[in-house]
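Asks: Listed below, chain by chain, are the residues.
There are 2 protein chains.
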Amino acid sequence: MSAVNEARLREVESFLHEQIPLTRAMAVRVASWDEQTLILEAPLEPNHNHLGTAFGGSLSALTTLAGYSLLWLLLGEAKAHVVVRESTIRYRHPVRGTLRAVCGRPAEEEVEKFRAIFAQTGKARLSLVCTVEDEGRVCVEFEGSFVALR
Amino acid sequence: MSAVNEARLREVESFLHEQIPLTRAMAVRVASWDEQTLILEAPLEPNHNHLGTAFGGSLSALTTLAGYSLLWLLLGEAKAHVVVRESTIRYRHPVRGTLRAVCGRPAEEEVEKFRAIFAQTGKARLSLVCTVEDEGRVCVEFEGSFVALR
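Chains as they are written, first to last, in my numbering: chain A, 1 to 150; chain Z, 1 to 150.
In case anyone wonders, no lab produced these hints; they're calculated from the structure.
Ideal Cβ placement from N, Cα and C applies to all residues, glycine included.
Treat each hint with caution, since some may be false.
[What the hints assert, rightly or not] Ranges of calculated distance between the beta carbons of each label pair, as one might list FRET restraints:
hint, chain 1, residue 1, chain 2, residue 2, range
1, Z, Phe15, A, Arg10, 36 to 46 angstroms
2, Z, Gln19, A, Glu141, 19 to 29 angstroms
3, A, Glu141, Z, Pro43, 23 to 33 angstroms
4, Z, Pro43, A, Val111, 34 to 44 angstroms
5, Z, Glu11, A, Glu110, 41 to 51 angstroms
With these hints in hand, go ahead and build the complete structure from the sequences.
Replies: Next up, the structure:
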């Protein structure tokens, strides 16, 4: 990872920790971003449920945060408020270790359309898909509709 | 609220705080249950987002917890693990005050079917709907599919 990229990740992480206190309680970390895939992590300990596996609320929060963060990274210097409008999450298998939300950059055509509409109207919507994998399989599938507002 | 009911609510709340550490960070309170409607609350302060309104992750966690708690109350003394399989949440308006998740008891026919299948097979599924209201309007709609396992 380049130093610029690393600095940008720490900036997003600091923003989350300062602006959304629950991210500190969850110990959320912005782990990596290679322009295609963003990874957010959180340790199991503060995020477990009554069965000792990852709490659904933490998984939902972490995938939502991955969506916010990906939009901020895609928008770069553009000043934008990002909100989530709707999301669906499927818990297929329990997550037994570190919570690791992987959010993929949408197809370039989608990203370009999103950026163009945002630049033109100050408001644009983007659908994002995140997964949480553990022990080599997809445990959680998340789909969210996010809106950026100037 | 009867003393028995009040004691049961404190029991559910203690269970959440002991078993799911994030509920302590969120300061979740089991506010009321009249056999028809369960209300869980959390103050805005530890649950706000970067815009000063309720964080989507907190709203999703609180409504999920309301679903768990309603299933525990419906199952009463029956020993059960409760998990969430899938949920959809719509954020219609920002929540600017206390987060207040209202979860309704499903139609009695559904509850009876759920209890009978659980008693017979040790596994049953129930769909639950929760809303979060603020300033007199529905701000968040949540639908979740929960499973109880013996």
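Asks: Compare the structure with each hint and give your call.
Replies: Going through the hints against the structure:
1. Phe15 of chain Z and Arg10 of chain A have their C-beta atoms about 37 angstroms apart, which keeps the hinted 36 to 46 angstroms range intact.
2. Separated by about 25 angstroms at the C-beta atoms, Gln19 of chain Z and Glu141 of chain A satisfy the suggested range of 19 to 29 angstroms.
3. Restraint check, Glu141 of chain A to Pro43 of chain Z: a C-beta distance of roughly 31 angstroms satisfies the suggested window 23 to 33 angstroms.
4. About 37 angstroms separates the C-beta atoms of Pro43 of chain Z and Val111 of chain A, a value consistent with the hinted range of 34 to 44 angstroms.
5. Roughly 48 angstroms separates the CB atoms of Glu11 of chain Z and Glu110 of chain A, a value that falls within the hinted 41 to 51 angstroms.
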